Amino acid sequence: MNDSRLVSRLLVLGIAVTLVMPTALAHGANTFSFIMRNETVQPGTAQVLQNDTLILYNTADYNRTVLIDVNDDGEEEFDCNAGPSNSTGTSDECYLWLDPANWSAGNYEIRIISNGTLWNIITINVQLDVHTEIMPPDGFVFEPEPRQTQNAGLEGLFLSAAVLLAGAAALLRISRNMKGDEEE
Amino acid sequence: MFSGANAKMMLMVALMALAPLSGCLSILGDGDSDDDGYKWIDPVIEVEDANHSHNDLLAHRLSTPNARLIDYHNLNCDGNVKPPAEFDDTMGRPCKEEYKNVGPTPGDNSEIAIEGNFHEDCEIHGDGSGGCFAYVSSYNQFEILDISEPNNIVLLSTYYAEVARMIDIKVTPDNNWVLVNHELTNSELDPIPNDDDANSGMNRLDVIYVGDKTSPVKVAEWNNPPAGFHNQDLHVYCDWDGAIDPREECSLFLFGADPYPEMVEGSSGTFYKGTQVFYVPLGLESWLPNQNQETQNSSREIIRWGGYTPEPYTTCGGSIFNHDNVFFIHPITKQKLLVVSYWGAGLRLVDVSDPPTVADPMGISWPPEVGRWLGCPTDESGWYGPDGGGHAGMTAEEWLDANQGNDNIHYAVPQDYLICSGVSEMDPMNTWPDKCGSGPSDSTYGENWRHYTYIAPEYGSNSNHTGYIWTIDTTDPAKPFLVSKWRLPGEGVLANGSSHPQHYIPGGYIFSPHNGDTGHNGHVYWTHYHAGAWTTDHGHIWDELVWENGYPEPDRGFQAISELAPTHTIGYYLPAGPPWLDDPAEELGYDMADCWASCMIPFDWGLQYDPRGFVWISEMVSGVYVVQFDEDYDPRYHYPALWQAEASDE
Numbered sequence: 518m519n520d521s522r523l524v525s526r527l528l529v530l531g532i533a534v535t536l537v538m539p540t541a542l543a544h545g546a547n548t549f550s551f552i553m554r555n556e557t558v559q560p561g562t563a564q565v566l567q568n569d570t571l572i573l574y575n576t577a578d579y580n581r582t583v584l585i586d587v588n589d590d591g592e593e594e595f596d597c598n599a600g601p602s603n604s605t606g607t608s609d610e611c612y613l614w615l616d617p618a619n620w621s622a623g624n625y626e627i628r629i630i631s632n633g634t635l636w637n638i639i640t641i642n643v644q645l646d647v648h649t650e651i652m653p654p655d656g657f658v659f660e661p662e663p664r665q666t667q668n669a670g671l672e673g674l675f676l677s678a679a680v681l682l683a684g685a686a687a688l689l690r691i692s693r694n695m696k697g698d699e700e701e
Numbered sequence: 008m009f010s011g012a013n014a015k016m017m018l019m020v021a022l023m024a025l026a027p028l029s030g031c032l033s034i035l036g037d038g039d040s041d042d043d044g045y046k047w048i049d050p051v052i053e054v055e056d057a058n059h060s061h062n063d064l065l066a067h068r069l070s071t072p073n074a075r076l077i078d079y080h081n082l083n084c085d086g087n088v089k090p091p092a093e094f095d096d097t098m099g100r101p102c103k104e105e106y107k108n109v110g111p112t113p114g115d116n117s118e119i120a121i122e123g124n125f126h127e128d129c130e131i132h133g134d135g136s137g138g139c140f141a142y143v144s145s146y147n148q149f150e151i152l153d154i155s156e157p158n159n160i161v162l163l164s165t166y167y168a169e170v171a172r173m174i175d176i177k178v179t180p181d182n183n184w185v186l187v188n189h190e191l192t193n194s195e196l197d198p199i200p201n202d203d204d205a206n207s208g209m210n211r212l213d214v215i216y217v218g219d220k221t222s223p224v225k226v227a228e229w230n231n232p233p234a235g236f237h238n239q240d241l242h243v244y245c246d247w248d249g250a251i252d253p254r255e256e257c258s259l260f261l262f263g264a265d266p267y268p269e270m271v272e273g274s275s276g277t278f279y280k281g282t283q284v285f286y287v288p289l290g291l292e293s294w295l296p297n298q299n300q301e302t303q304n305s306s307r308e309i310i311r312w313g314g315y316t317p318e319p320y321t322t323c324g325g326s327i328f329n330h331d332n333v334f335f336i337h338p339i340t341k342q343k344l345l346v347v348s349y350w351g352a353g354l355r356l357v358d359v360s361d362p363p364t365v366a367d368p369m370g371i372s373w374p375p376e377v378g379r380w381l382g383c384p385t386d387e388s389g390w391y392g393p394d395g396g397g398h399a400g401m402t403a404e405e406w407l408d409a410n411q412g413n414d415n416i417h418y419a420v421p422q423d424y425l426i427c428s429g430v431s432e433m434d435p436m437n438t439w440p441d442k443c444g445s446g447p448s449d450s451t452y453g454e455n456w457r458h459y460t461y462i463a464p465e466y467g468s469n470s471n472h473t474g475y476i477w478t479i480d481t482t483d484p485a486k487p488f489l490v491s492k493w494r495l496p497g498e499g500v501l502a503n504g505s506s507h508p509q510h511y512i513p514g515g516y517i518f519s520p521h522n523g524d525t526g527h528n529g530h531v532y533w534t535h536y537h538a539g540a541w542t543t544d545h546g547h548i549w550d551e552l553v554w555e556n557g558y559p560e561p562d563r564g565f566q567a568i569s570e571l572a573p574t575h576t577i578g579y580y581l582p583a584g585p586p587w588l589d590d591p592a593e594e595l596g597y598d599m600a601d602c603w604a605s606c607m608i609p610f611d612w613g614l615q616y617d618p619r620g621f622v623w624i625s626e627m628v629s630g631v632y633v634v635q636f637d638e639d640y641d642p643r644y645h646y647p648a649l650w651q652a653e654a655s656d657e
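Residue numbers (my numbering), protein chains in the order written: chain E, 518 to 701; chain A, 8 to 657.
Hints were generated in silico from the structure; no laboratory data involved. Computed from a predicted structure; not experimentally measured. Even glycine gets a Cβ: it sits at the ideal position worked out from N, Cα and C. Careful: at least some of the hints might be erroneous.
[As the list claims (entries may be wrong)] Partial list, computed: chain A residues near chain E (C-beta under 8 Å): (1) E318; (2) G324; (3) N556.
Please put together the full structure from these sequences, using the hints given.
Listed below in structure tokens is the structure:
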């Protein structure tokens, strides 16, 4: 790789890194709640991220059991009892941290047992905890590669037309602004 | 016929040819021009390619013709971006006027607060009181500006702190005390600077005495591990019976938004809530810097006095996270309220009118919630039940779907005054339309005087939407209901060149709503990061609502509305350096390499509305812009842009 190409790549890399770098604006509790009401669960489906902590609140005045078979082997790895609604403590809550080591991307069912029977199922879609920050469109290079000569003619024509149009638009705008200033 | 590259070039040519002919929206409606021949230019461009670079500053020098730059300051104090090494970092330093708008530009600006006797045009009284000032938090520092003359703003001083990161700033109405946060979030991405002054400041609230505007000095600090506060507000109560010291005539309370209230502290068995209220014994007077150390130490005590977090059953699930608390006094009920943004739990109105005389640090019963708004029903019956008026009839899944512009309520701001058909109580009575009668207490027309609270989300990325600014009728704070919603106008463009029904956020928060403020007659101002600052008109919402039965039924709220009222776009302004410079990034030394945010200009964090008709915009890299929209012009406060006159002279 020659120097100019290396510089080009480094420039592209630098810009790309700048663009994908998470800004310091990010914040959030990284928790996601489900409300187990008397009759319904809110929400019934959700998209969550690895590393999120799920909190299931029981607002009914009786126990509920929350079960999850993480690896689909027929045995529930997560088994939590949420007691009757209690606004001064956490006995009515179930916490589940989506440890990336145990939770891969995909769909999971959270089964809720009430009065000994299956009462409701929440479907969650776990997504990888990766940033999808702003990126250039596919194929775009910030510092253009050397052009292919076979397209140079037509591209040059279009480029010239674009520049001319841009120039004309700018002149028109300046002219209007000057006219506007004069009128003021 | 054409290769991909040629097709792109054709598209570019076509776009450039069509651009002057295109139009999306305007204040005149959905038409594409006004009487002066202005063609609407949509400043939001999602796809960065050969035609557009987000880092091309000059390509973002855009505004609607009704927006005028009055003045600009790059916040250069004295030619140095940091104080001299011998300076202690708990003191500020005076600035020199000659450094205004010369390089370097320190950057990393965030929130802006303004305070003063605006309705007296910032007149300085004989006793020295009066004047108007702006305070800009800028990560490691904050700046104080004299804004008494909007067309001639002066940077008075800069306060520098080694510890980051100041992202919010508030000031007491007397312009004597500034409250800043030092918040730690994303610590691995956002490390605290290490040097001999480094300390535990990442979780602090600091009070700075600014009685002398050229010499701010820190007088008190409080720690709130692990992360401090993300935002804060304050209020001084002068009618409270619970003061610890009988000499205390007025009592200071702070309202903090704790970003990690329960998930960390909860592990120790202590469950503080997201909205935390603190009482500061002895209050502001005890902080005077001329007191001895012992007195100051005792004055630094802070007592957790109350707390609030939405009860889970009042939500539809989702991420329940307190971002911001804004204090105001409701113009009808006279309640002292916080409008609180709680992400998936929406808007919460919390009553802090009467602090208890005995602390309730766990927030078991104080402060109480008096109202809420989110898109889904949150009760079995009543106002928040499925048939009630206090939601938008969404399912939980719909409300929590950011792709539809919902969820993530990040900032809320109430009107200070009631409005009626585009006028407020602040306008002369002879300008009131007939339908406004004699005012809010009019037995026939009083109902037409409304109070609104505006809320908006924030998204890091959103593949479908930029989010709504929701207008919530809070005339009765116990029965809030939705009356209008607005998003950035125009259509988006996908990476493949196809059209998208609305703008969206490819990443980096780029076009997300952020912070806002209100004018007195229904105008609302909101920053949208790289999409600039936008002004919208909500003054005629009550007139333009379509009611199911043909007449207003606020007691039925959303259920009685068959069509929401439109929010009208007034205009936008994209700060992109002073227009009298061709290359402000070079000439003013903008830091385009080591930005806190995205190194894009504009990237507008916050703004404030000056009641004289000006908008103060804090742009994260380049500084502070004073902008006036024609619709806000008030001849009593005539401050034309001097830079234009100077340019004409030259």
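Results of checking the hints against the structure:
1. E318: holds, 6 Å
2. G324: holds, 5 Å
3. N556: violated, 30 Å
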